[in-house]
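Student: Chains as they are written, first to last, in the numbering used here: chain A, 1 to 403; chain B, 1 to 403; chain C, 1 to 403; chain D, 1 to 403.
Just so you know, these hints were derived from the structure itself, not from any lab. Where hints are given, some of them may not hold.
Here are the simulated lysine to aspartate or glutamate pairs, DMTMM-like style, with alpha carbons at most 25 angstroms apart [unchecked claim]:
{"id": "1", "chain 1": "C", "residue 1": "Lys219", "chain 2": "C", "residue 2": "Asp25"}
{"id": "2", "chain 1": "D", "residue 1": "Lys85", "chain 2": "C", "residue 2": "Asp25"}
{"id": "3", "chain 1": "C", "residue 1": "Lys130", "chain 2": "C", "residue 2": "Asp144"}
{"id": "4", "chain 1": "C", "residue 1": "Lys130", "chain 2": "A", "residue 2": "Glu69"}
{"id": "5", "chain 1": "A", "residue 1": "Lys219", "chain 2": "B", "residue 2": "Asp384"}
{"id": "6", "chain 1": "A", "residue 1": "Lys219", "chain 2": "A", "residue 2": "Asp203"}
{"id": "7", "chain 1": "C", "residue 1": "Lys93", "chain 2": "D", "residue 2": "Glu369"}
{"id": "8", "chain 1": "A", "residue 1": "Lys57", "chain 2": "A", "residue 2": "Glu13"}
To spell it out: a stretch of chain B is covered by chain A in this simulated footprint if at least three of its residues, at any positions, have a beta carbon under 8 angstroms from a beta carbon of chain A; those stretches are [what the hints assert, rightly or not]:
{"id": "9", "stretch": "82-93"}
{"id": "10", "stretch": "189-198"}
{"id": "11", "stretch": "239-249"}
Quick caveat, the model's predicted, so the values are computed rather than measured. Cβ atoms here follow ideal geometry from the backbone N, Cα and C, with glycine treated the same way.
Protein chains: 4
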Amino acid sequence: MSNIFESFLSTSEVQEAFGARNVLDAMLRFEAALARAQAGVGLIPQAAAQSIIGTCKVDLFDVTKIVRESARAGCIAIPLLNSLKETVSLFNKEAAAFVNFGSTNQDVIDTALALVTRNAIKLIEADVDKTVAALLTLASRHADDPLLARTLMQPASVTSFGLKCADWAAPLLRSRLRLQSSASNALCVQLGGAVGTLAQMQDKGAQVMTLMATDLQLKAPLFSWHTQRDEWVAMGCELGLLVGSLGKVAKDITLMAQFEVGELTESLGTGGGDAKEMLHRRHQVACMVALAAAQRAPQRVAALLAAMPQEHERALANRQVELAEWPGLLMSAHGAARAMAQALVGLQVDPQRMRANLDTFRAVLPPKEASQWFNPGLAQQAADLARTRLNVLVALRQPTETA
Amino acid sequence: MSNIFESFLSTSEVQEAFGARNVLDAMLRFEAALARAQAGVGLIPQAAAQSIIGTCKVDLFDVTKIVRESARAGCIAIPLLNSLKETVSLFNKEAAAFVNFGSTNQDVIDTALALVTRNAIKLIEADVDKTVAALLTLASRHADDPLLARTLMQPASVTSFGLKCADWAAPLLRSRLRLQSSASNALCVQLGGAVGTLAQMQDKGAQVMTLMATDLQLKAPLFSWHTQRDEWVAMGCELGLLVGSLGKVAKDITLMAQFEVGELTESLGTGGGDAKEMLHRRHQVACMVALAAAQRAPQRVAALLAAMPQEHERALANRQVELAEWPGLLMSAHGAARAMAQALVGLQVDPQRMRANLDTFRAVLPPKEASQWFNPGLAQQAADLARTRLNVLVALRQPTETA
Amino acid sequence: MSNIFESFLSTSEVQEAFGARNVLDAMLRFEAALARAQAGVGLIPQAAAQSIIGTCKVDLFDVTKIVRESARAGCIAIPLLNSLKETVSLFNKEAAAFVNFGSTNQDVIDTALALVTRNAIKLIEADVDKTVAALLTLASRHADDPLLARTLMQPASVTSFGLKCADWAAPLLRSRLRLQSSASNALCVQLGGAVGTLAQMQDKGAQVMTLMATDLQLKAPLFSWHTQRDEWVAMGCELGLLVGSLGKVAKDITLMAQFEVGELTESLGTGGGDAKEMLHRRHQVACMVALAAAQRAPQRVAALLAAMPQEHERALANRQVELAEWPGLLMSAHGAARAMAQALVGLQVDPQRMRANLDTFRAVLPPKEASQWFNPGLAQQAADLARTRLNVLVALRQPTETA
Amino acid sequence: MSNIFESFLSTSEVQEAFGARNVLDAMLRFEAALARAQAGVGLIPQAAAQSIIGTCKVDLFDVTKIVRESARAGCIAIPLLNSLKETVSLFNKEAAAFVNFGSTNQDVIDTALALVTRNAIKLIEADVDKTVAALLTLASRHADDPLLARTLMQPASVTSFGLKCADWAAPLLRSRLRLQSSASNALCVQLGGAVGTLAQMQDKGAQVMTLMATDLQLKAPLFSWHTQRDEWVAMGCELGLLVGSLGKVAKDITLMAQFEVGELTESLGTGGGDAKEMLHRRHQVACMVALAAAQRAPQRVAALLAAMPQEHERALANRQVELAEWPGLLMSAHGAARAMAQALVGLQVDPQRMRANLDTFRAVLPPKEASQWFNPGLAQQAADLARTRLNVLVALRQPTETA
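Make the full structure from the sequences, and use the hints.
Tutor: Quick look at the structure:
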């Protein structure tokens, strides 16, 4: 899947979720749901719907050929729909005319994208939950362990490692909640027909939409969103924010895991590193994945935002840009979430070294400064804060657990 | 303010909101509120607080000198606080030691930024409201006027201009509501002290925060957000989304205002254009401003997202990047919102030309296609949709009206 | 290859050039050249080199397995080198220790990337040459055809279509020449060893480098470029500039091909468009591809530039970001170049309509303005300029023809 | 100047270079040169030219009023030219008609921008030269000092600090040379008239251009570049590359200056830091400035590249975006160059600590690994390389010294 230099920056699950087979399968689910709904309201014959529904099985299609033909068509829906019509007409000639009736390429592509994105979001949410859980455990375990607080890359005072973990967790949990809310708005059926008016469905468009939404378990939107992409891109922004907060955790761990600092070690279980396989090398593959995502996702979000001024009733180029940039954002996000979940579960914490670094710094300071700003006792205040915040986080987390 | 090539892409109001004087004033309001709250809980003497509060008047300070000195300090708070201490000690030597007690540069800067941003958001909201109102009026007035629907930059079928206006309005209204919600989360007091633990305020930190929040009419956050920037950047993302949706309206108007299309004319009242001042030139300054914002805002958002992995308890560089990029985003957003509000209020609509373009296209088509896809009667379906959507939009708009 | 929504935005050739098989093949060519050179200067035994060289055949390796294992390693070189060592030791146990001797993962990856990029650049150059040739032909053919010159999206005066074509060609030709120069600097062997000092090769490093450069037909750089990426990213910038200039041509064609303007039609041969396959639709797939590239490439370039501050002797994350972003840039660039080459060869030009649009505009103007700014005779000045510029372009083009 | 949060990220010199007064002055220099040249070839009366030239003094104009009026005009040239015409006609009524004769707003703005950019480039070049000189001195002085080489943020082997400095210098010097070449192509007169054809100047356009180029000491381009921005944006890309390489130096210094590493200290002379003014804090303001630039410049470059598809003969919005983004890029670049020049001149190097870190690491390793990869003797190889590379750099540097 994807290019050889980015597959290890993501996960096989999310790469598969956006793989050609899964996307075409989702497109066929749209077509089946459309035919079912249209037959239900009497827009197309039941027999035609049955033929279409029966043919909407991805195993009946030549995925590679369809992808190849999309190059000439400039659109993935065209060769799939051609192939679907051909296959349907083998069994039921009349039915072919009812394939994608009153709908348009963008309807099927947007809805399919919502379906596969929903799966990717679930994967991401699961790993964010694990990351948050691991952080809350660390926050609780290390609430009282003093740690140099560092500002502008220099020692500034004393905090506790537990507080640091609680503060790492908070934005991840907020992102988790915002993403849930954002996805519930954005994961909609798209059904607008050629130009967003559902003209061919006469006055039955709204009914068809409702039936399809129930069938596909997506939201029925109040407006067709062919060229109004704000809710979709808002979900992309949430992913960008999530990745940014994951990157913050990874950045700190990377700095604390430097040999000269030595306060943390990324679990060896996450593997990887240098070909030399030197025993002494601490591997930081997970942090690398999260930091890479945190550099790449902002550019994807910028591309999505810049593509928003989509012309008239369907855009030339801006729409294709949005589609093309989308999967990479989800891939980065899941790569980062999975990596941090793994890294934090296996994180090796060295409270003695944290204390030693603090003491070493105190030793070079004038006594007054040492006692004012670098008294290990200052960790107590941080510990109290850590516990207060832990309670807040645990309370905030509940809705996601039952979700 | 700002550079000579971007002042016309924004408004004087929002440029002033982020002007040096207003930012320093907001910083002084933070210092006054801090002293008041700390005296209230007994952390600092009442007399000291009175001296500090009395000195926190921007007119007492040399704004230009403070900005100049920030260059050496690498921070705007350092010269202001130095100057504040000096001035306070002129009147009350003991009080100087209590200036910014237990707080840090970032506390004052972040809180000041929240204060000035709140003003900018209000400006933006007011102009988005005007834009939405103008669009709803147009949607109602032109619900039945047929218009060529265009996809991939070519005629595709028939819609109505009223429906187009309703569809332009929907994402703006959604942005308006999301921005309100996002701002209510992000516009917080920042109070964490040197490293986020409020250590110097002993156990009074939370009380001080609460008092200050009431005083400054900002939210008291559950966590200090020194290096957890997700809610702040989320507000930035909302601005990016808003600008994208404004850009969509501007893009369509620009295309429809081409001489060869001639369906719309941007009001001459918005002025501007070519030095030649040729009578024949239709001026599109407002659309230009919105389209420029739609190209620039995504890059600002990307910079904010990329700056999120802020090291430890205060970042080196990433924090300064976030600060430096912030005002430009608000300036673009208000520039775009104001421009579109003005353009839409004065928009000249030519329904005859819309109809003529449709008829001209019908004339070159085979009769069957002309009647299937370009029957002016198709506008009726669009008109019905426009009216339905108008009702939805009016209902959605209510919370913003009472806000 | 790649994701289903971007394959049609590129070409199969460039997607194949960066395919897993080709990249692994280039990595094996590096290993063979390294062994050959090291045996040549006596650093490793001839017999070991023969075994290594003989094993460096991509057909001997399980490409899918290596890609899969890269996920755990966080690096594509680790599983390949492990596999290479295993395979070598099947035949010659002693030789395995000399695989990648004194070199490092990054050496093999960077050099392999230079090899596959060279092929991609050649593909791009060929299509830019075709685009330029087509434009020069059009410029010559339509030098005298009057055309409305448009500024700020409104008629401004008169130019000639031939001049417009010459002006479209100029930046493409400049990009072609700059890209050639940039590639000749950037397409280097990477050979630095673990930390850029080639320490294990004793004093033979420079000799090995020279031999390898001759063998692989890449430049031998004066400095190892493990974390000094300026020349590589400079080549990326050139690709961004090229795509921007191709996008300018596509943007203008798209506007001129609007039904209401009707001056150009993108060749039907480039296929594609809407599933409806309406006869009346002019297909603009080629312009879509170029415009999509022009929106995506800037974000790729930004990611490359932002990744430049690579830590110490090999970066964590920034390096992986650069690698991951690279192929997409080349894919966009070739997609755009190929699309415009095809579109321009088949472009349908309607000089009558150009003239008619001019006359229609003249008719609505006051006579004085019509004669001052919209006299068709003004095209003569443009025609003279077109011919002068054509001569310049033909002269500039010569070095690329013999190259 | 500019916003209060970015002034310390730049320098007062470059902020002044792009200040309203300097830009308007450059625009007036264009108008004077145009009048002079046109009188020289007989296009306008000598008396008119004298009046225009005599009035083109920035002190005669109300800068603030012109900037304010640009908001309504959507262009800075319109109010300036109006004001110039008014002032000229006070003295010589007939001359007013010859102001900006045959030229257009974009001609004056682009040329003025080239003039002020030239000054900014000189400032940047001077500081890059100082940075390179300081690095070559450090490279020579510390060629033999062993230093832990670090890859993926962990110790990897041994290098020398001198080699590190030479490798920091190389891309800066290459950027310096590329920027010089790029600027010599891009710093051109813009003279195209309303739509790039210079129609009103009859056959005298080329002569006028040549005279103006000599007068203003800019290049006379072969093509008008109203909407062909590749050479201009290429110069922007070079600035982005330069900033990226400066950021690399800053990133490494920041990491080496961490308390726990302690190998370098940014000169206290560069000031700044925390309000606490704790003696123990090592100030890293210079690195902060360079790192901030390295995060911001890529977004500016992306905006410039994305704005390249400029419509027809003058773009709506894309052109204004390019203009608005431009000064910030130069400001970041000079801020970074100046900061690093200052930081490196005053850099405090601690070779004992470098050696101690190496020894500490050796002590935790198995003896075999310690001797193979972390033998301080390995620094000798690095030292030899450093000296070789120094010679190359000194030779490369010569053209810039005589320039």
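Student: Work down the list of hints and note, for each, if the structure agrees.
Tutor: Each hint, compared with the structure:
no. : hint                 : in the structure
1   : C:Lys219 to C:Asp25  : holds (19 angstroms)
2   : D:Lys85 to C:Asp25   : violated (68 angstroms)
3   : C:Lys130 to C:Asp144 : holds (23 angstroms)
4   : C:Lys130 to A:Glu69  : holds (24 angstroms)
5   : A:Lys219 to B:Asp384 : holds (22 angstroms)
6   : A:Lys219 to A:Asp203 : holds (20 angstroms)
7   : C:Lys93 to D:Glu369  : holds (23 angstroms)
8   : A:Lys57 to A:Glu13   : holds (21 angstroms)
9   : 82-93                : violated (count 0)
10  : 189-198              : holds (count 5)
11  : 239-249              : holds (count 7)
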